[in-house]
Amino acid sequence: MTTIISITILGILVLFLGIQKKQSWLLPVILVGLATSMILTILDWNTARSYYHEMLIIDKTSVAFSLVLIFSTFLIFSLASHYYRGVERPLDDIYGVMIFALVGAVMMTSYGNLIMLFLGIETLSIALYVLAGSHKEAITSNEATLKYFLLGSFLSGFLLFGIALIYGSTGSFDLQKISVFVAACHGIYPPMFLAGLFLLIIGLAFKIAIAPFHFWAPDVYEGTPTLLTAFMATVVKTASIVAMYRFFTHTFYGIHGVWETTIWILAVLTMLLGNLTGLYQPNLKRMLAYSSISHSGYMLLAVVAFSPMSNNALLFYTLSYSIATILAFAILILIREAHGNDYFSSLNGMAKTNPLEAFCLTIAMLSLTGIPPLAGFMAKYYLFTTALEKGLLWLVLVAIAGSAISVAYYFKPIMAMYLKESNEVKLNVGRSYKVHLMFMTLLVILIGVLPFLVMGIL
Amino acid sequence: MLTILLILLPLALSLIILIFKEEKAIRQFALAGSLIEFGVGVAAFIQYKTSCHCNLLFTTDWLATLGVSLKFGMDGISLLLVMLTTFLLPIIILASFNHAYSRPSAFYSLILLMEMALIGVFTSFDGLIFYIFWELALIPAYFICAVWGGDDRIRITFKFFIYTFVGSLFMLVALIYLYFRTPLPHSFDFQGLYAVRLNPGEQTWIFLAFFLAFVVKIPIFPFHTWQPDTYSGAPATGSMLLAGIMLKMGLYGMIRWMIPICNDAVQEWGGVAMILAITGIVYASLIAIRQNDMKRLIAYSSIAHVGLIAAGLLSLTTYAMQGAVIQMVSHGINIVGLFIIIDLIEQRTKTRNISNLGGIARTAPRLAIFFMLFLLASIALPLTNSFVGEFLLLLGLFEYSAIFAAVAGLTIIFSAVYMLWMYQRTMLGKANEFTENIHDLTWTEMAALVPLVVMVFWIGMFPGLFLNVALPDVMQILNYTK
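Line by line, the protein sequences give chains B and G.
So the first sequence is residues 1 to 458, counted in this note's numbering.
So the second sequence is residues 1001 to 1482, counted in this note's numbering.
Quick caveat, the hints were computed from the structure, so don't treat them as lab data.
Warning: the hint list may mix true and false statements.
What the hints assert, rightly or not - Cβ pair distances, simulated, as ranges:
hint: 1; chain 1: B; residue 1: Val435; chain 2: G; residue 2: Ile1369; range: 55 to 61 Å
hint: 2; chain 1: B; residue 1: Thr261; chain 2: G; residue 2: Ile1016; range: 51 to 57 Å
hint: 3; chain 1: B; residue 1: Ala408; chain 2: G; residue 2: Gly1271; range: 34 to 40 Å
All residues carry an ideal CB built from backbone N, CA and C; glycine is no exception.
Based on the sequences and whatever the hints tell you, model everything.
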């Protein structure tokens, strides 16, 4: 609860600073504020309790995932001063909206009531529609926001309708009461409930970018300002997958059924489509979009395999995925600045002109591929063993095949950077940005080498 | 303690070397570092010999919840391979001094990183840690071959990477499957994995998964297609690392994991696998005869030689198993020697096409003598190291099946054909415009070659020391199959 309150206060503070025309204060205040709310969140660690008649349930899982979300946002904000340097107009609105989006994301990880879920998703989504179009002069940004808004609001309708149908059949929005209803059904659910369930899954699948509801993602990612794309690919995805995971663990705990098959199929589709389409992308940003789609497929493994271990596996996965992805986007920002585009040919010979940045991007790509001993490998390994423990052998085999395919596109930037002739364009990187890159690279390596720091905590 | 030092020292060296800027300093540092590492290896060897049964074990928890522990140790087989690695590394580094590689600090750092991963592979007693080092070895190998390689390197090295990566994913699945079959609490400890009782159907699948991972690495026909391209496209140093040490990972994996864990399946399917290996021997030898590029010729001959080792391993006889272990070491020494010689010829004449060469023996007699020595060693002349290994391998194969032994024995005849023919065409005859001004070996080059020659004859004449180190462990591995 302190998390949501503190972040909301931070958001208001940012807007207030904007009114006071104190632009240079914004980022320091935000970074300190996010760090503070991380500390406040940690203080909630062992005090599981619920608020407002089980509207919000703060337990270890929600605290841990909130930390991942705040930390990812922190990393993204650390890139902001570089990204928005030279921009004349005030930035308090963009920053403020990002922080409010984070509030929505945190709500999605700690809801105990479907109304709260919807509220969280809408807080997040409406903020994102604004953010996607925040680069007003660029036509691509306008295209992105329009697409995202039209599809997003349509799919929000699905979600709301699903919630309504679930309410209609169970008589409650409360996860606890729904789980009682589910247990009483003994495997035979009324059609209305099932319809509601599927609509809910579809609504969430859209937000996570799960196939076949993923078509918006590459276009929207491409048009959205890169810094905010990083936010979409990490914070939004983590929050939505956790929301889905939370719904199923809290209502269907230990009860198998038709929803499992549905998510099983969605996971297979996502892993295959994401990885195969990723092979044919001409530029880094679209490739990262498909990479994020296929990773949501892997994350679904945790949802299908819910066991005492799987929330920890999901936590590990989202954390290592988020850091590696933000790292990749951080380099992408530099590349787009220097070249005006991010075709793979723009990366040619980057290892000669910018060895550090090339190394960082390589580590990010290798981690996303799942090469030991980086974080991505341990994450995949942990997730796959969790799924195997539940006997999901075929799903894991598909996931491993997907990882094998993904080598082909994750190696495209690596090959371009190290093996192609240089195009002699030097990226413009400041010292603090470099330190930030090295910090994230180090994190990716450290989490892989010392996984027990994160692994056993839940 | 020495085991963990052997792993951590190259890692530390590979990081420290990045701070050097001057090429000379980098080279000296790399050479000195690898020599110290060799010293540690020798110390481990002495400790192992004097106070056996200690196995130089090092254990500490890493992921207690998942049953993964950092367990490193050495039995006789690991020890020989670790010795091979630490012995060859200074020589490989010394041999690369002739090249002015761009970005030398990164280059030598990757070599040392690879040494760390290789030693990790040979000393891990924990399944998952083994896998982690196995994959880790691939990354520096890829970058060494891809960044400093020859023409068409992008396609070649990518093929190499995909092949070996996909192969090893199968091994990962097999290891995780076995992990879940260990009694609670699950663990990846090799003793635990050995103890898993699998039914015949499961064993076949696990065998196939392991087999695929290892044969791609070795490589065995028909999974060898990445190998000739990669060896010939890689920089000289890369070829030496790949052929001399890295392919031993596959053979070692067979001994350490595949044979003890799926012993019944190995007995059932070993015949089929041996037919593949023996087909590869004949096939690769025939192709080697027709090669014009010396490096490709050696690459194909390597497929033939390791095919024999693999066939011997799968025959599960004591002789062949012992022969395989000693031949792994010998093959590493001989092929590194041959690659060094070819590299020297290529630097001096700017070509490695056999048809362009000739008459080198007149202008560079020392080079020709060393070439002859390695050549004879690799065709298994008595008193050389390969003779011991291949003789035992064929003896063991003969015990298994006389026909297999007869066909596999062709490798010795074939290798005599292509090796001597290559020698004749490159070293003898009249000098031409490529070879008339060639200068003989320098002292640095001799320094790299002499230790190899010493080992060729030491193993060839007094194999007892090396055979005895590995014998108890070979017997133990074979016990799992009874």
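Cross-check of the supplied hints:
| no. | hint | result |
| --- | --- | --- |
| 1 | B/Val435 - G/Ile1369: 55 to 61 Å | holds (56 Å) |
| 2 | B/Thr261 - G/Ile1016: 51 to 57 Å | holds (55 Å) |
| 3 | B/Ala408 - G/Gly1271: 34 to 40 Å | holds (36 Å) |
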